[in-house]
Amino acid sequence: MLILQSNFNIYSYADKSSLAASEKPKLVFGDAGWDSIRIHNKIAAIIIENGYGYKTDEITGSSPIVIKGLRQGDIDISMESWTDNIADVYEPGIEKGEIVELSTNYDDNAQGLYVPTYVIEGDSERGIEPMAPDLKSIKDLPKYKDIFKDPDNPSKGRIYGAPPNWFADEVLRGKMDTYNLKEDYEYFNPGSDTSLNTSIVSAYEKGEPWVGYYWDPTWIIGKYDMTLLEDEPYDEGKWENGYACEFPGVKVTIAVNKDMLEKAPDVVEFLKKYETNTQINSELLAYMQDNDGDLDKTVQWFFTEYEDLWTQWVPEEIANEVKKSTGTEDGKFGFSLSKFPENINIEFGIYIEKLVSWLTKHFQGFFDGLAAIINWIVSGIRGILVTIPWFIFILLIFLLGWKMINWKSGLIYALMMFLIGGLGLWNEMIFTLSIVITGVLISIIIGIPIGIHMSYNDKVEAFMKPILDGAQTMPSFVHLIPAMIFFGLGTVPAVFATIIYSTAPCIRFTNLGIREVPKEMTEAAYSYGSSSWQVLTKIELPQAMPTIMAGINQTTMAAMSMVVISSMIGSKGLGENVLIAINRTDIAMGFDSGISIVFLAIIIDRITQKISDKHKDI
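Following the UniProt record's numbering, the numbering of the sequence shown begins with 1 at its first residue and continues without gaps.
Where hints are given, some of them may not hold.
[Said to hold, decoys possible] Computed Cβ-Cβ distance ranges for the label pairs, DEER-style:
(1) Asp140 with Thr360: 22 to 32 Å
(2) Asp368 with Leu261: 55 to 65 Å
(3) Asp140 with Ala462: 55 to 65 Å
[As the list claims (entries may be wrong)] The list that follows gives simulated cross-link-like pairs (lysine-lysine, DSSO-like), each with its CA atoms no further than 27 Å apart:
(4) Lys223 with Lys354
(5) Lys272 with Lys223
(6) Lys519 with Lys538
(7) Lys251 with Lys238
(8) Lys26 with Lys354
(9) Lys55 with Lys324
(10) Lys182 with Lys263
(11) Lys96 with Lys26
(12) Lys68 with Lys24
(13) Lys251 with Lys263
(14) Lys272 with Lys251
(15) Lys26 with Lys223
(16) Lys238 with Lys136
(17) Lys136 with Lys223
(18) Lys251 with Lys96
(19) Lys55 with Lys238
These are computed hints drawn from the structure, not numbers from a lab.
We put the beta carbon where it would ideally sit given N, CA and C, even for glycine.
Work out the full structure, taking the sequences as your base and the hints as a guide.
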């Protein structure tokens, strides 16, 4: 999804600048999704708009997508290119002359495996005892696998890895082999850097153990007390032989599309001088976090606090124009009719955040128990599916299709299943199917009773309808947030998010189906002395069953779509392959995974739809 953001300038500037901007090309920044790049984009855009008279836009995507856009000319400027992590797309762009590297934004960063400091030292203020007091280096991790237990495989620990297609992901997988960590730990793919952040926040707020990949500068390192596990000192020979040493410092560059040299040579000269360091970035990120993620306020603070720095990047006359536009001239903040007043600040979300924190703190035992139940159900279903030989599984699909529809449909469905296996995605399909089945079963168990209650009580229906509307119209990605907060990353939050998203159709259709049962039928039953339970089970539910089955069909399709999206929070299966393909811009891998999802969805949809149709004939 592309998110375009224009109007980077905080305050209006002279008509002359506006006229000049209309004669100059629009420059597009790449936003790879993390806060520090947004800060640098904003700082540079304000200087470019107000000092040099260009208009700016922004395109959001993952790191590889941003670099791909930079190479193709869809993006003009990347203010933070973590060169080692995206070497497979960045270096070819440099070699082919599609990308021009202008300067190094900073290179004094660190990355590796981190743990919360309380894991080693404890935290007396929070009542946390040391969990791994002798944990100093990566080589010590095997002794503490029981501390960092993997919820999906309790016999091993869990190491949270780098997001897919980051070079750090390859490095960490190499370290898993080099240090024989695979014997004691599962390497967990978090899906995205946002999910990785959430896993840290969730564990830290609960005081739970956590070990995984991270880096600085970030607001996480600025806000939380984290310890980088020691590794062998960097040595080029060891690095090339299984990454058996610490990460080298990554050069974070400012890069532009080749056409920028002719399109905006004055901006190129400015960007060549743009340089910061890890300390400055950490301070900016900490300030942003302390101010509720307010990007404008953070950038305004930068222009005020670091005036001696940024004025070195541009000529004096440009600096003066920027000072006027940002209101930092003579140390005063400006005012503009084009910007909403900062003193009007409605913070509704903060109360939701406090509620979630309270629930997490006081009901963690409940959530842990719920997670254990969900994990047990998923593991049981997956265990059953895995024990079925592949050819028997395909035969069962054929027989089911033949029985429910006709032999031709059964043959087509069996062929689809065979193709999924032929594409090498059989295990991923089984994992996806187990999550879908679990999510649908729980959604039905929750949804049908609520739908029945709604059909009997108009007040309950009036109360539930807005909630259901919100659940179905809320962007599906939003459902991932509470799932991550309460359950971390992995299979359990994927099922939880699936349940939230897919239960609504089941509730709606159950309510609708029972309300459509003719009153004459229920009144006749009551007149002959039937109880409410008998009326419900013998008349209303059978009569409403076609509608209820249609709801179950919709619930199943919703669950199928959500399972794919939940790969962003570490869910395994076909969705994970799609996510990796997107990050790699791997068309072949994306097509194979995508068509497998389509095949599975068609089979599930047609069979559940036919079950619904059969009930209509009863």
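Now the hints, each set against the structure:
1. Asp140 with Thr360: 22 to 32 Å: This hint holds: roughly 29 Å between Cβ atoms.
2. Asp368 with Leu261: 55 to 65 Å: holds (57 Å)
3. Asp140 with Ala462: 55 to 65 Å: holds (59 Å)
4. Lys223 with Lys354: Cα-Cα ~17 Å, so holds.
5. Lys272 with Lys223: violated (31 Å)
6. Lys519 with Lys538: holds (14 Å)
7. Lys251 with Lys238: Judged against 27 Å, a Cα distance of about 20 Å means the pair holds.
8. Lys26 with Lys354: Between Lys26 and Lys354 the Cα gap is close to 41 Å, so the pair fails against 27 Å, i.e. violated.
9. Lys55 with Lys324: Roughly 18 Å between the alpha carbons, so the hint for Lys55 and Lys324 holds.
10. Lys182 with Lys263: violated (51 Å)
11. Lys96 with Lys26: holds (24 Å)
12. Lys68 with Lys24: holds (24 Å)
13. Lys251 with Lys263: This hinted pair holds, its Cα atoms lying about 26 Å apart.
14. Lys272 with Lys251: With Cα atoms ~15 Å apart, Lys272 and Lys251 stay inside 27 Å; holds.
15. Lys26 with Lys223: The given pair, whose Cα atoms are some 36 Å apart, is violated under the 27 Å limit.
16. Lys238 with Lys136: holds (20 Å)
17. Lys136 with Lys223: holds (22 Å)
18. Lys251 with Lys96: OK: Lys251 and Lys96 at ~20 Å, within 27 Å.
19. Lys55 with Lys238: The given pair, whose Cα atoms are some 47 Å apart, is violated under the 27 Å limit.
Hint compliance for this structure: hints 5, 8, 10, 15, 19 are broken, all remaining hints hold.
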